[in-house]
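K.L.:
Those protein sequence lines, which keep their order, are chains A and B.
Residues 1 to 276 in full-length UniProt numbering are what the first sequence lists, from first letter to last.
Residues 1 to 902 in full-length UniProt numbering are what the second sequence lists, from first letter to last.
Rather than coming from a laboratory, the hints here were simulated on the basis of the structure.
Treat the hints with care, since some could be wrong.
Have a look at the derived ranges for each label pair, beta carbon to beta carbon [unchecked claim]: (1) A:Gly139 with B:Ala380: 46 to 56 Å; (2) B:Leu480 with A:Gly121: 31 to 41 Å; (3) B:Val333 with A:Arg90: 33 to 43 Å; (4) B:Arg795 with A:Ala125: 37 to 47 Å; (5) B:Arg345 with A:Gly139: 24 to 34 Å; (6) B:Ala340 with A:Arg83: 19 to 29 Å; (7) B:Ala340 with A:Ala125: 52 to 62 Å; (8) A:Asp243 with B:Leu457: 50 to 60 Å; (9) A:Arg90 with B:Leu8: 53 to 63 Å.
Please read these numbers as outputs of a predicted model, since none were measured by experiment.
Note that the Cβ used here is the ideal one computed from N, Cα and C, for glycine as well.
Chain by chain, the residues run as shown.
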Amino acid sequence: MRHDGTPAATCEGLVRIYWSPSGEVHALKGVDAVVPAGRLTAITGPSGSGKSSLLRILAAQDRPTAGRAEVAGHPLTGLSARRLRALRRRHIGYVFARPPQNLLPHLTGHEHLAMAARYRGVGRAEARREGAELLDLLGIAHRAEHLPGQLSGGEQQRLAFAQAVIGRPALVMADEPTSELDSATTADLLTAVSELTRTGTTVVMATHDPLAASAADQVIHLRSGAVSHEEVAGRRLAVIDGDGRVQLPEEALARFPARRVLIDVTGDGVVLREPS
Amino acid sequence: MITIRAALRHLRLRLLPVPGQALGLVVLVAVLAAALVSAPLMVASAEQGAWEQERDRLSETVLGATLGTTTQARRQRTSDTRISRATELDEAVTEAARRARVDQDGLGLPETIGFLMDPILFTGPEGGGYAQLVFRTGSFEGLEIVAGQATDTGVLIPQRMAERSGLGPGDRLPVTPSMRPGGAELVVGGVYADLTTPLPETWQPHSFLFLPRLDERSGNLVHPPPAVLAPRDTAVATAAALEEHLFLEWFLPLDPGLPVAVARDAVGATQRMQAAIASPESAVSRLVDEEGYQTPVGRTALPTALETVDTTGTLLEPPVRAVGIGGGVAALVLVGAWAAQRMRRREDEQRSLVARGLSPARGAGQAAREAVLPVLLGLAAGGAIGWLLVQRLGPADTIPPGVLGRSLAVLAGGGIAAVAVVAVVTAVLVTRLDSIGSGQAAHVLARVPWLAITAVLAVVATVPLFTAEPAAEGGGIDVLTLVVPLLITVVVAGALTAALPRLATGPGGRLRRLPVGPFLAARRVLAGQGAARLVVVTTALSLGLVVYAGALGSSTDRTIATKAAVATGSDVVVPIGADTTGRELPPGAMVVGVEREATLLPGAARVNVLVVRPDAVAGVVRWDEGLADRPLDELMTALAGDGGQRVPVLVAGDVADGVVDGTDGELTLDFGYYSMPVQVVGRAEAFPGQSSSEPLVVAEWDAYLAAVEEAGRDPALVLAREVWSRGELVGVLDSLAATGYVPSAQDQPTTADAFTARPELTAQTWSLDYLRAVALAAGVLGLVGVTMHAVAQQRRRTVAGLLLRRMGMTDRAADVSAGLEIGLLAGLSALVAVVVALPASALVLRVLDPVPSLEPEAVFAVPWGSIAAVGAGVVLVTVIGSWLVGRTARRATGGQVMRDAT
Numbered sequence: 001m002r003h004d005g006t007p008a009a010t011c012e013g014l015v016r017i018y019w020s021p022s023g024e025v026h027a028l029k030g031v032d033a034v035v036p037a038g039r040l041t042a043i044t045g046p047s048g049s050g051k052s053s054l055l056r057i058l059a060a061q062d063r064p065t066a067g068r069a070e071v072a073g074h075p076l077t078g079l080s081a082r083r084l085r086a087l088r089r090r091h092i093g094y095v096f097a098r099p100p101q102n103l104l105p106h107l108t109g110h111e112h113l114a115m116a117a118r119y120r121g122v123g124r125a126e127a128r129r130e131g132a133e134l135l136d137l138l139g140i141a142h143r144a145e146h147l148p149g150q151l152s153g154g155e156q157q158r159l160a161f162a163q164a165v166i167g168r169p170a171l172v173m174a175d176e177p178t179s180e181l182d183s184a185t186t187a188d189l190l191t192a193v194s195e196l197t198r199t200g201t202t203v204v205m206a207t208h209d210p211l212a213a214s215a216a217d218q219v220i221h222l223r224s225g226a227v228s229h230e231e232v233a234g235r236r237l238a239v240i241d242g243d244g245r246v247q248l249p250e251e252a253l254a255r256f257p258a259r260r261v262l263i264d265v266t267g268d269g270v271v272l273r274e275p276s
Numbered sequence: 001m002i003t004i005r006a007a008l009r010h011l012r013l014r015l016l017p018v019p020g021q022a023l024g025l026v027v028l029v030a031v032l033a034a035a036l037v038s039a040p041l042m043v044a045s046a047e048q049g050a051w052e053q054e055r056d057r058l059s060e061t062v063l064g065a066t067l068g069t070t071t072q073a074r075r076q077r078t079s080d081t082r083i084s085r086a087t088e089l090d091e092a093v094t095e096a097a098r099r100a101r102v103d104q105d106g107l108g109l110p111e112t113i114g115f116l117m118d119p120i121l122f123t124g125p126e127g128g129g130y131a132q133l134v135f136r137t138g139s140f141e142g143l144e145i146v147a148g149q150a151t152d153t154g155v156l157i158p159q160r161m162a163e164r165s166g167l168g169p170g171d172r173l174p175v176t177p178s179m180r181p182g183g184a185e186l187v188v189g190g191v192y193a194d195l196t197t198p199l200p201e202t203w204q205p206h207s208f209l210f211l212p213r214l215d216e217r218s219g220n221l222v223h224p225p226p227a228v229l230a231p232r233d234t235a236v237a238t239a240a241a242l243e244e245h246l247f248l249e250w251f252l253p254l255d256p257g258l259p260v261a262v263a264r265d266a267v268g269a270t271q272r273m274q275a276a277i278a279s280p281e282s283a284v285s286r287l288v289d290e291e292g293y294q295t296p297v298g299r300t301a302l303p304t305a306l307e308t309v310d311t312t313g314t315l316l317e318p319p320v321r322a323v324g325i326g327g328g329v330a331a332l333v334l335v336g337a338w339a340a341q342r343m344r345r346r347e348d349e350q351r352s353l354v355a356r357g358l359s360p361a362r363g364a365g366q367a368a369r370e371a372v373l374p375v376l377l378g379l380a381a382g383g384a385i386g387w388l389l390v391q392r393l394g395p396a397d398t399i400p401p402g403v404l405g406r407s408l409a410v411l412a413g414g415g416i417a418a419v420a421v422v423a424v425v426t427a428v429l430v431t432r433l434d435s436i437g438s439g440q441a442a443h444v445l446a447r448v449p450w451l452a453i454t455a456v457l458a459v460v461a462t463v464p465l466f467t468a469e470p471a472a473e474g475g476g477i478d479v480l481t482l483v484v485p486l487l488i489t490v491v492v493a494g495a496l497t498a499a500l501p502r503l504a505t506g507p508g509g510r511l512r513r514l515p516v517g518p519f520l521a522a523r524r525v526l527a528g529q530g531a532a533r534l535v536v537v538t539t540a541l542s543l544g545l546v547v548y549a550g551a552l553g554s555s556t557d558r559t560i561a562t563k564a565a566v567a568t569g570s571d572v573v574v575p576i577g578a579d580t581t582g583r584e585l586p587p588g589a590m591v592v593g594v595e596r597e598a599t600l601l602p603g604a605a606r607v608n609v610l611v612v613r614p615d616a617v618a619g620v621v622r623w624d625e626g627l628a629d630r631p632l633d634e635l636m637t638a639l640a641g642d643g644g645q646r647v648p649v650l651v652a653g654d655v656a657d658g659v660v661d662g663t664d665g666e667l668t669l670d671f672g673y674y675s676m677p678v679q680v681v682g683r684a685e686a687f688p689g690q691s692s693s694e695p696l697v698v699a700e701w702d703a704y705l706a707a708v709e710e711a712g713r714d715p716a717l718v719l720a721r722e723v724w725s726r727g728e729l730v731g732v733l734d735s736l737a738a739t740g741y742v743p744s745a746q747d748q749p750t751t752a753d754a755f756t757a758r759p760e761l762t763a764q765t766w767s768l769d770y771l772r773a774v775a776l777a778a779g780v781l782g783l784v785g786v787t788m789h790a791v792a793q794q795r796r797r798t799v800a801g802l803l804l805r806r807m808g809m810t811d812r813a814a815d816v817s818a819g820l821e822i823g824l825l826a827g828l829s830a831l832v833a834v835v836v837a838l839p840a841s842a843l844v845l846r847v848l849d850p851v852p853s854l855e856p857e858a859v860f861a862v863p864w865g866s867i868a869a870v871g872a873g874v875v876l877v878t879v880i881g882s883w884l885v886g887r888t889a890r891r892a893t894g895g896q897v898m899r900d901a902t
């Protein structure tokens, strides 16, 4: 958890290429992004835009083919698999989309938190105390002794967040955590996640859900493996990468069917015009 | 209380979080343990079984140790007390046995038997004659005393002697030496019933004291003088008084039902006793020194019998070990598959843990920890099952306890290997789970034509089976004979499953006309990929092993039976004197003539000649239809036909066809000093009585004897004779005695049982029985695999199944579809198994010939029992599998299914 203004994670020119029988797949084509600490960041974009690839890299589950990624002050490039695992264990929490992917059917809520704390190296007493606080904060303290099968979908996801947050990791990654929830439960979950961020937890969430995106402090929108734009405090910002590339919003792009523009740099800013 | 419960729950969560899943591991480890532990147990059981066979064959009397000496001096030493001190010598030998503690190592203390070197004369009120004086320590077991009783000083006389001499209990019996003056008097204590065959076991080594023998010169039976049984002191005192020397024997009986390990100790005990006797400080040595006795020398068949046992063990151990290890490895592969399945079923959990930093080592440690309890349980169950199966179905009922330590070590090794396999597979899968994409190496591996490579390997491995000759000392199962059929099965099953999807494109249109259930089943089988192909291949392998082992076992049984029939003629073969005649033999027996070392002209082939009465042959010999291309009765009819001036004969064995065809079968039998024209009326690959690799000429009795006489020879002089008979040796000998036939004194009777008891045959039979048992277990596992696959498929198809039901598909149609799919998969596997295993076993059989020096070559037998078992297994697994699939489908609730599917 970082409160000194240092971002929880940063990416510069992130490229990820996968091998497949039909050839190479360029999932990320130079992504620049900054994840501020203690905030809820949403990553949005259509299917195939690179959300999951970016999420996996930020979650230290994968390494970029090129570019630079840093999580909790640790550059991922060049890290061995062992060090990546250690980074995940100590600094990153993860929440999958479906509740059964996050929870073990034979463990109660308390047991889940105890096991997660053990992984993170938190002492037993500290884990018990922090676990109780988290369950209380997320509103599922009364369900702590229940098995996942006895919890509702929303409760399961809240338990999954508690499990990911225990031990105060630098970053909590959530892959479409609201995809299986109805809107009311989604709202409840997002409120709970907001409570977590208020306590200093950094949450990054890949989502298709506009409700979830609207609850985020920052939205990173991906398109075709690159950042299309960011939304911060309701304002949409285009992102200029280190090489000076910028992605135009869809509606701006539609104005230039010939894919050629004239650029006028004025005192007020930069103006793009269709060549006459 | 709550703390204990919480601790127990904690322990259960750590050791057994998913009990249902652990059950599969218990079963697999049980199979692994049974396969591994059965190998040393089988070897030990075979050792005990071979020992029991030898014990039954040779009897405990022959296997016990016997020491013998006489009161006659070695060299020219004289002593007046040498005969009378025989009692001291007896006690000294008995003391030596006691000191050697023979009674602690499977032998009894010595029983002494003594008898005179020369018979003595006796006189009675109504007549006298020669008599033999016999004593024996211990009881006169097996004697029926018909008058009087055995006393400490009186003698027992046989009933015939009592009747002839008019002697009875209480009478005095004067005896004198036959060649010298002198005399003594005995008191008759009782009369015993004359001993006849079969003699009581204790008297069998001394049958010459009671039973008549054949006088070689006169050909008449000579009865021994009646045996007067006396107490030891009386007998020795009488011998001393008459100055008649004694033969002395000490018999150390083997304890009844002795296990093989103690039998080995008994050999040591015999040696210890011999050493104790020979020791300069022993009382025996002192007596030998003082009186000039010959040192008692021991003899026993025990070392020879144990040598046979060791040979059987030596021959049996490699194939049994190969099969046991093969079974163990296969079970370990299945344990690995279970570990992979565990990961697959708990993929969400594992993926979640990997996301939180689970390392392969930690994942492996967790999996190993969870595997400990099931493995321990499986080891215990499998060990017990293996022990029970070997004990019930193995060569012996009792397993030597000495193998327990080795078995436990093997079990421990198997358990450690199982846990290690679970750990390694988990570690590999966690590593894969931790990596994104399959990488270039995986793509390269996926492009390797594994099927073609396996096919090439199979071809290369098969070549030695075509080119190799059977080992002179007999073949056995080895890695090659195990691997080749498995490789071929993999290739055929792999090719078939690869071709199935192509078939789906051809008859696809016709399939659509089928009802829903059969259509779905056919499409699923034809479109089967990945797991379905693997199931067909592995099930074909396991069922193929069942058929293969069955074919090898049945064929070897048939080969051994045929070779025994050919080598020994009938169940019992008793050589008799060349001119011996008797009354008509009972059904199932006949007299044959044998003449060896003749030459068949032209071609100069060395042959033996067998002369038979064709009408009696069918009831006596054990004929296998594979021995000739014509039935036996046709051959015998041809043999009984009129050959004109030539003797009609059958030719069995390796005589060039050209010789027979080129001469129209008109050949000449040349015996060196006379010859005989013969007409070949039939051929056979081998014929009963062909006890060597040399061809056999079978001739008709009357025509052959007439030809011999015509050649100016006496058939009694040129033709050795044997009685061939069905039944047991003892019964046959009794029957011969009753009909007046006397067995030859020079040649021992032979039996088919003795042939089949040869170590190489016993070892091969038992090792193939073991292979059959292991193969059966593999077959059951294969079919269980089909069922598990079907249930797993049903779980994957839950959503599709629910949608189909909502679209109107009935439960019955779903059940039919599942049943047909399982039946088709299992049936395809069984088809591949049978089609591959039968020719593969026929190919291997030649190399496995246990006695290649004897005709005929290995004979193939179709294993109908194994094929029927495979068929029954397929039907059973179809029924049980479809029921389980139906139950799984009906247990899933619609709402939950759709919720989980999103």
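K.L.:
Look at each hint and say if it fits the structure.
P.N.:
Results for each hint:
Separation of Gly139 (chain A) from Ala380 (chain B) is about 49 Å and conforms to the stated range, judged on CB atoms against 46 to 56 Å. In this structure, Leu480 (chain B) and Gly121 (chain A) break the distance hint of 31 to 41 Å, their C-beta atoms being roughly 55 Å apart. Restraint check, Val333 (chain B) to Arg90 (chain A): a C-beta distance of roughly 38 Å satisfies the suggested window 33 to 43 Å. At roughly 42 Å, the beta carbons of Arg795 (chain B) and Ala125 (chain A) sit within the given window of 37 to 47 Å.
A beta carbon spacing of about 32 Å between Arg345 (chain B) and Gly139 (chain A) agrees with the range 24 to 34 Å that was offered as a hint. Restraint check, Ala340 (chain B) to Arg83 (chain A): a C-beta distance of roughly 28 Å satisfies the suggested window 19 to 29 Å. Remark: the range hint 52 to 62 Å for Ala340 (chain B) to Ala125 (chain A) is contradicted by a beta-carbon distance near 39 Å. Between Asp243 (chain A) and Leu457 (chain B) the Cβ separation comes to about 54 Å, which falls inside the hinted range of 50 to 60 Å.
Distance hint check: the CB atoms of Arg90 (chain A) and Leu8 (chain B) are about 32 Å apart, inconsistent with the given range 53 to 63 Å.
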